[in-house]
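Work out the full structure, taking the sequences as your base and the hints as a guide.
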Amino acid sequence: MKYVLVTGGVISGIGKGIIASSLGTILKSHGIRVTSIKIDPYINIDAGTFSPYEHGEVFVLDDGGEVDLDLGNYERFLDVTLTRDNNITTGKIYQQVINKERRGDFLGKTVQVVPHITNAIQDWVTKVAEKPVDGQEKADVCIIELGGTIGDIEGMPFIEAFRQFQFRVKKENFCCVHVSLVPQPKTTGEQKSKPTQSSVRELQGLGLSPDIVSEKESYWLFDCRNC
Numbered sequence: 001m002k003y004v005l006v007t008g009g010v011i012s013g014i015g016k017g018i019i020a021s022s023l024g025t026i027l028k029s030h031g032i033r034v035t036s037i038k039i040d041p042y043i044n045i046d047a048g049t050f051s052p053y054e055h056g057e058v059f060v061l062d063d064g065g066e067v068d069l070d071l072g073n074y075e076r077f078l079d080v081t082l083t084r085d086n087n088i089t090t091g092k093i094y095q096q097v098i099n100k101e102r103r104g105d106f107l108g109k110t111v112q113v114v115p116h117i118t119n120a121i122q123d124w125v126t127k128v129a130e131k132p133v134d135g136q137e138k139a140d141v142c143i144i145e146l147g148g149t150i151g152d153i154e155g156m157p158f159i160e161a162f163r164q165f166q167f168r169v170k171k172e173n174f175c176c177v178h179v180s181l182v183p184q185p186k187t188t189g190e191q192k193s194k195p196t197q198s199s200v201r202e203l204q205g206l207g208l209s210p211d212i213v214s215e216k217e218s219y220w221l222f223d224c225r226n227c
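First residue of the sequence shown? That's 1 in UniProt numbering, and the numbers climb one at a time after it.
Some hints here could point you the wrong way.
Stated by the list, open to error - 27 angstroms max Cα-Cα, derived DSSO-like pairs, lysine-lysine: (1) Lys127 / Lys138; (2) Lys138 / Lys171; (3) Lys109 / Lys127.
As the list claims (entries may be wrong) - Cβ-Cβ distance ranges computed for the label pairs, FRET-style: (4) Glu130 / Thr188: 48 to 56 angstroms; (5) Phe106 / Asn44: 18 to 26 angstroms; (6) Glu101 / Ser198: 35 to 43 angstroms; (7) Thr187 / Glu130: 50 to 58 angstroms; (8) Glu190 / Phe106: 51 to 59 angstroms; (9) Asp105 / Gln191: 49 to 57 angstroms; (10) Ser209 / Ile26: 21 to 29 angstroms; (11) Ser29 / Ile153: 33 to 41 angstroms.
Hint data in this document are derived by calculation from the structure and do not stem from the laboratory. Cβ coordinates follow ideal geometry from the N, Cα and C atoms, glycine included.
In structure tokens, the structure reads:
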């Protein structure tokens, strides 16, 4: 199993979902089976109680799961049928870990973010990635979109989990795609790469080095060979 992690920097709503869906479409066009996971770092269990004015319309899956709109994009782009388990939230992870603690599964140990929460995240991703989503065999590649922006406090446990995960599955089976912004101030008309440089540096400081950097820009991007 190969894993592709899609992260975002500089601003939220930069288009990570479309990038993740498009990557999946490209892989499918080459005969590769693809599944997807969306991670939302909010503490809500799911998107069912959200105001549509705050987070957009809720997408309802075949199993009744109320999830983020991005999972609707995944289903349409990739022609797959996802379940509520394909949407991971901070609330779901903490609920699972706390339930285990109440049952005594940790044998009296102090339950902490590292390793218990980070291990739960990795185990959830591994388990869901193995599930067939097209009614046939399991997928070859799992594309994981990490919601929010690099540097957000609520996303830190997930970043640490994937820092560990890249060694768990071996680096040759893990690819990190970072989506960032290249602004072009009207005052100068010049495209600025500094926000992306800072975002990539911050991601590297957290233990993840992007293999691919995808830039969001309103105009044609400059020749990056001169950066």
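Comparing the hints with the structure gives:
This hinted pair checks out: lysine 127 and lysine 138 have alpha carbons roughly 11 angstroms apart, not beyond 27 angstroms. Using a Cα cut-off of 27 angstroms, the hinted pair lysine 138 and lysine 171 holds, with the two alpha carbons roughly 21 angstroms apart. For the proposed pair lysine 109 and lysine 127, the alpha carbon gap of about 24 angstroms is at most 27 angstroms, so the pair holds. Between glutamate 130 and threonine 188 the beta carbons are some 50 angstroms apart, a value that agrees with the proposed interval 48 to 56 angstroms.
Look at phenylalanine 106 against asparagine 44: about 25 angstroms separates their beta carbons, and that is inside 18 to 26 angstroms. With their beta carbons about 38 angstroms apart, glutamate 101 and serine 198 fall inside the hinted range of 35 to 43 angstroms. Under the hint 50 to 58 angstroms, the C-beta atoms of threonine 187 and glutamate 130, about 52 angstroms apart, fit the expected range. At about 55 angstroms, the beta-carbon gap between glutamate 190 and phenylalanine 106 stays in the expected band of 51 to 59 angstroms.
A C-beta distance of roughly 52 angstroms is found between aspartate 105 and glutamine 191, which places it inside the suggested range of 49 to 57 angstroms. Checked against the hint of 21 to 29 angstroms, the pair serine 209 and isoleucine 26 passes, with Cβ atoms roughly 22 angstroms apart. The hint said 33 to 41 angstroms for the Cβ distance between serine 29 and isoleucine 153, and at roughly 38 angstroms that hint holds.
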